[in-house]
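Trainee: Chain B: place on chain A using the hints.
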Amino acid sequence: MTPAVMAMHGWRIHALTGDDAWTIATAACAAVACAVLGCFLVLRRMSMLGDAISHAILPGIVAAFIITSSRGVLPMLVGATVVGVLTAVFSRAIHRWGRIPEDAALGVVFTSLFALGVMMIAWVPRDVDLDPGCVLYGLLEFVSLDRVVVLGVEVPRALTWLAGTLLVVVGVVWAGYKELKVVSFDPGLAASLGISVALVHYVFLGMVAATTVVSFEAVGSILVIVMLIAPAAAAHLLTDRLAAMIWISVALAVSSSVVGYVLALWVDTSAAGMISVVSGGQFAAAMLLAPRHGLVSKALGRAALAFRISREDVLGILYRWHERRGRGDPGAPPTTREISRAIGGAVLTQLAVRSLRSRGLAQSDSGGLRLTEDGLRAASGIVRSHRLWETFLAQRLGLPVDHLHEPSHRVEHFITEDLQRSLHRDLGTATDPHGSEIPRSASSSSSPSSSPSSSPASDPRPGGVG
Amino acid sequence: MPLAPTRSSTFPGAGEEVSSPDGLSGTVPRGIAVEVHDVTVAYQRKPVLWDVDVSIPTERLVAIIGPNGAGKTTLLKAILGLVPLASGDIRILGMPPRKARPFVAYVPQRESVDWDFPVSAMDVVLMGRYGRLGWFRRPGRKDREAAVAVLDQVGMADLAGRQISQLSGGQQQRVFLARALVQEARLYFMDEPFAGVDAATEKAIVLLLQRIRASGGTVVAVHHDLQTVPEYFDHVVMLNTRLVASGPTASAFSPENLHRTYGGRLTLLDQAMEAVRRSATPGASE
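Heads up: the sequence lines are chains A and B, in that order. According to the working numbering, the first sequence holds residues 600 to 1065 in order. According to the working numbering, the second sequence holds residues 494 to 779 in order.
No wet-lab data here; the hints were simulated from the structure. This one's a predicted model, so the numbers in the text were calculated from it and none came from an experiment. Glycine is no exception: its CB is placed at the ideal position from the N, C-alpha and C atoms. Careful, some of the hints might be misleading.
As the list claims (entries may be wrong) - Which residues of chain A face chain B? A few of them, derived with a C-beta cut under 10 Å, are:
#1 Cys638
#2 Ala774
#3 Tyr801
The following block holds chain A by itself, in its conformation from the complex:
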């Protein structure tokens, strides 16, 4: 970084001026309007439509420009909204009549319209300034230069338009909230209730188009596209309620505007670009950290599962040693090293053994490890699941005996007591296909050496079955 740039930072970062505040307010208005609409776009799986409309409106803007030969917002707004809604109408018609997938139809329509717009710019008189570049990046840094007086206060002209748009968007979504909700969730039901799906659809698309065009001059279409998708998609990961999703997306939109603008001042770059990057960062953070749908919580869930499985595997191995000993085999109890060689994963095995010890399920015995009474009870459930499943595979699916262990070893961790009971009832046997005893349910038996009775009817203990 050169000293000159550093100096510039020092000059700017300590004083957010009134102009900066106006600029942030302008960006935030655009961001919030886009985020609110974006929630419904994302939920209706129409996110691409925001992208498409923001490009396709170009010929509408240029046409308005040529016809009125002015850069007034109103004619552009009308031209762009008309073309924006036409984009949706055309792509739907092409999809329906041309038998082309909806996304392909949309792609064809918006790229063609955008190209048409680029072509039409050449017909604009040379002396007027219309720069395709500013359509993409916007001129956020300059919005505070063009001011109008509203109620005695000088505010940026762009802000008046964006605030008005935001009011309309919030007003329409608030008033028609239940209609938007039901049309987005279940258009068939909405139609059967007498709610006009087409009307809701086109009013909504009209708002997307209008917001896009009002926003694009100030913030550029890249920021518009990001704001239509990122805050809504992040909010969707963070909550399970529509109203909460909208509020969260609004909070994300506002915070990314503020943070993005300040960061842009700091590293001296395009404000719209930095706001978009911050918004993308918010989405990435949500994807990682969201409580239920996030990658981190899913990874933690998987780790907890792996830990439980290796604990249960250790229990299973120790239980089988107790069984062998019950039959008179004098072998020493297995060591942690032997166990980890058997089940794989040294670290996980160490942790599992430590956890079993601290829960009082296992204890040291002549250099190795043995189960306590509680440990035997817990382990018998696992082995019961394993052998019941082996029996099921052999009896019902006719799998050969040497193919039973592997699948049962995987499934044993997921067999509930209910399933154990019904398997036991259905299979009606006390030994697995290898001839080993199937331990009884944990509540009725503990010792692996107790000999089983061959039929439930002859079981002397009450509650021995089920």
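Mentor: Chain B in isolation, oriented as in the chain A frame:
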């Protein structure tokens, strides 16, 4: 008695004063719930329903059956006014479909919606009240109470606050049924209400349908499982693009009609024959 498809549009008996539960009242003729007259529906100029002419009586549980692509769902949607008719005319309770909306509830196929949508079971049920609320009005306390009551009726009161993707298939179907019940309609149109539900839910749904019939309602359901037709439904509409037969299950659900509906599809026919045989055995059906 075999009920032949009728072309007549006169209703048996004079109109009778019926008031709907939400206070709307009008002269609703009893006897015929839906009159479908010469209806043709086409998608991309290919006819899906061809000249269908059928009338459905009230206070019946009616199954629409037929092979895949027979136009079963389309017939349901045509009756509800969700697809445009190429020709023909439909009356619901003697009214044009648009006017009959307050009396009609619709349960779409479960796969037709996105279950990841951020709403709770309660929210979904409340959507059933949107029709009577009209534009812009929010559901109020009475609507909530009604929603709680129907959720209780389908055994879902405990899960009212759950986001809908965290419900099992059977529970999702129960939520859809609760949403239809909360509309307090007289006519219920259901698209495969038994598809992909567990045995307990299937039983619960059957009881619910019978309760609807007992309180004077009519259910028209697209149904796939031929074996359960005689047990669950007392009227069938057999469809294969054209109407094959329609009438009380006892007479219309016959091997000949099944053969005409399903053509040579052997496995299906076997199922059906089995069903016919069981329904002929006293005590096999209720």
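Trainee: Hints first: check each against the structure and report whether it holds.
Mentor: Verification of the hints:
1. Cys638: holds, 9 Å
2. Ala774: Holds. Min distance 5 Å.
3. Tyr801: At 16 Å from the nearest chain B Cβ, Tyr801 (chain A) fails the 10 Å test, so the hint is violated.
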